[in-house]
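Same order as they appear, the protein sequences are chains A and B. So for the first sequence, our numbering puts the first residue at 58; every next one is plus one. So for the second sequence, our numbering puts the first residue at 76; every next one is plus one.
Think of the hints as simulated: they come from the structure by calculation, not from any bench. Glycine residues also receive a C-beta, built at the ideal position from the N, C-alpha and C atoms. Watch out, some of these pointers could steer you wrong.
[Claimed, not checked] Label-pair restraints from in silico Cβ distances:
1. A:D128 with B:T93: 47 to 53 Å
2. A:E75 with B:S128: 37 to 43 Å
3. A:N108 with B:R134: 38 to 44 Å
4. B:K120 with A:E116: 23 to 29 Å
5. A:R137 with B:K185: 43 to 49 Å
[Unchecked claim] Keeping only pairs whose Cα atoms sit at most 20 Å apart, straight-line, the calculated SDA-like set for lysine to any residue is:
6. B:K120 with A:S169
7. B:K117 with A:R79
8. B:K117 with A:T64
9. A:K135 with A:S169
10. B:K181 with A:T64
11. B:K117 with A:D143
12. B:K120 with B:S183
13. B:K117 with A:S169
14. A:K99 with B:F86
15. B:K154 with B:E80
16. B:K178 with A:R79
17. B:K120 with A:K135
[As the list claims (entries may be wrong)] Sample of chain B residues facing chain A (criterion: CB under 10 Å; computed from the structure):
18. V79
19. T99
20. N102
21. F109
22. R116
23. E118
24. P119
25. M123
26. S124
27. F135
28. K154
29. L155
30. S158
31. L174
Residue-level listing of the chains:
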Amino acid sequence: EPEVTQTPSHQVTQMGQEVILRCVPISNHLYFYWYRQILGQKVEFLVSFYNNEISEKSEIFDDQFSVERPDGSNFTLKIRSTKLEDSAMYFCASRMIDNNQPQHFGDGTRLSIL
Amino acid sequence: RKEVEQDPGPFNVPEGATVAFNCTYSNSASQSFFWYRQDCRKEPKLLMSVYSSGNEDGRFTAQLNRASQYISLLIRDSKLSDSATYLCVVNKRGSQGNLIFGKGTKLSVKP
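Please put together the full structure from these sequences, using the hints given.
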């Protein structure tokens, strides 16, 4: 069964540094998403991406964050000038074009900011 | 009011028990409904979509009541492997499908 893959599985970074989290969505999916989950809290939507542009973003997704689809397969989340409170699990998800179709999640990147 | 609210849990049940989870959502514009399960420190995995007429998948039955903005999940004949956190998830009409998650209800099935 096709799956969403994410790298790295764990990223440890000093506060103030930039990180790039990578995702390869399922190949025939057209909508891509990033979510985050702070330890012990619920999963929160960050951003959705369709047709090579951001289609929706949450208030969490401020100027510190950016997304990109640099080629036909990768989908990246960049966090500039990381803060301690950026420590969380970051999940990438994708789905087919039908809005009622479920999203399939990658196994996440654990980001630890020191 | 929280967008998606779930039973606080945890639910501790013996193998073979039947257990029910409830969920309410605040936005009447919600369009699609799902139950995901999440194992400790893992990604959410789709358990089932929830349809207006109710639907069943093996030991799992989901119900939706749009008038009451209420979703339920019933698990029959619980297995040890059912131990996980169950996430009630909705998306909004008019959004790009971004999902709104409940905080989840933890289930622990004991031998």
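Hint-by-hint comparison with the structure:
1. Our hint of 47 to 53 Å for D128 (chain A) and T93 (chain B) holds, since their Cβ atoms are close to 49 Å apart.
2. For E75 (chain A) and S128 (chain B), the hinted distance range of 37 to 43 Å is not satisfied, since their beta carbons lie about 49 Å from each other.
3. Distance hint check: the CB atoms of N108 (chain A) and R134 (chain B) are about 40 Å apart, consistent with the given range 38 to 44 Å.
4. Roughly 27 Å separates the CB atoms of K120 (chain B) and E116 (chain A), a value that falls within the hinted 23 to 29 Å.
5. The hinted window of 43 to 49 Å between R137 (chain A) and K185 (chain B) holds, with their beta carbons roughly 47 Å apart.
6. For the given pair, K120 (chain B) sits about 23 Å from S169 (chain A) by alpha-carbon distance, which is inconsistent with the 20 Å threshold.
7. Between K117 (chain B) and R79 (chain A) the CA atoms are separated by roughly 17 Å; this keeps the pair inside 20 Å, and the hint holds.
8. Only pairs whose Cα atoms come within 20 Å are accepted, and K117 (chain B) paired with T64 (chain A) is accepted, the gap being roughly 14 Å.
9. A threshold of 20 Å between alpha carbons decides the hint, and for K135 (chain A) with S169 (chain A) the separation of about 15 Å falls inside it, so the pair holds.
10. For the given pair, K181 (chain B) sits about 28 Å from T64 (chain A) by alpha-carbon distance, which is inconsistent with the 20 Å threshold.
11. With a CA separation close to 18 Å, the supplied pair K117 (chain B) and D143 (chain A) stays within the 20 Å bound.
12. The straight-line distance between the Cα atoms of K120 (chain B) and S183 (chain B) is roughly 17 Å, inside the 20 Å bound, and the hint therefore holds.
13. Restraint check for K117 (chain B) and S169 (chain A): the C-alpha separation of about 16 Å stays at or below 20 Å, so the hint holds.
14. With a CA separation close to 18 Å, the supplied pair K99 (chain A) and F86 (chain B) stays within the 20 Å bound.
15. Straight-line distance between C-alpha atoms of K154 (chain B) and E80 (chain B) comes to about 25 Å, which puts the hinted pair past the 20 Å bound.
16. Pair hint K178 (chain B) plus R79 (chain A) does not hold up; C-alpha atoms about 26 Å apart against a cutoff of 20 Å.
17. Our distance criterion of 20 Å between C-alpha atoms is broken by K120 (chain B) and K135 (chain A), whose separation comes to about 25 Å.
18. Annotation: interface hint on V79 (chain B) holds; nearest CB of chain A at approximately 8 Å, less than 10 Å.
19. For T99 (chain B), the interface hint is violated, the least distance from its beta-carbon to any beta-carbon of chain A being 15 Å, above 10 Å.
20. Nearest Cβ of chain A to the Cβ of N102 (chain B): about 14 Å, over the 10 Å cut. The hint is violated.
21. Hint on F109 (chain B) holds. Least Cβ distance to chain A is approximately 6 Å, under the 10 Å limit.
22. This hint holds: R116 (chain B) has a C-beta 7 Å from the nearest C-beta of chain A, less than the 10 Å allowed.
23. About 4 Å separates the beta-carbon of E118 (chain B) from the nearest beta-carbon of chain A, less than 10 Å, and the hint is met.
24. Look at P119 (chain B): its Cβ gets to within about 5 Å of chain A, closer than 10 Å, so that hint holds up.
25. The interface hint given for M123 (chain B) holds, since its Cβ lies 9 Å from the closest Cβ of chain A, which is under the 10 Å cut-off.
26. Because the beta carbon of S124 (chain B) sits about 6 Å from the nearest beta carbon in chain A, less than 10 Å, this interface hint is met.
27. Contact between F135 (chain B) and chain A, as hinted, is not supported at the beta carbon level, the nearest pair being about 15 Å apart and thus beyond 10 Å.
28. Checking K154 (chain B) against chain A by beta carbon gives a least distance of about 21 Å; that is not within 10 Å, so the hint is violated.
29. Hint status for L155 (chain B) relative to chain A: violated, with the closest Cβ pair at about 22 Å, above 10 Å.
30. Using the Cβ-Cβ criterion of 10 Å, the hint placing S158 (chain B) at the interface with chain A is not satisfied: the shortest such distance is roughly 18 Å.
31. Residue-level restraint check for L174 (chain B) holds (minimum Cβ-Cβ distance to chain A is 6 Å; threshold 10 Å).
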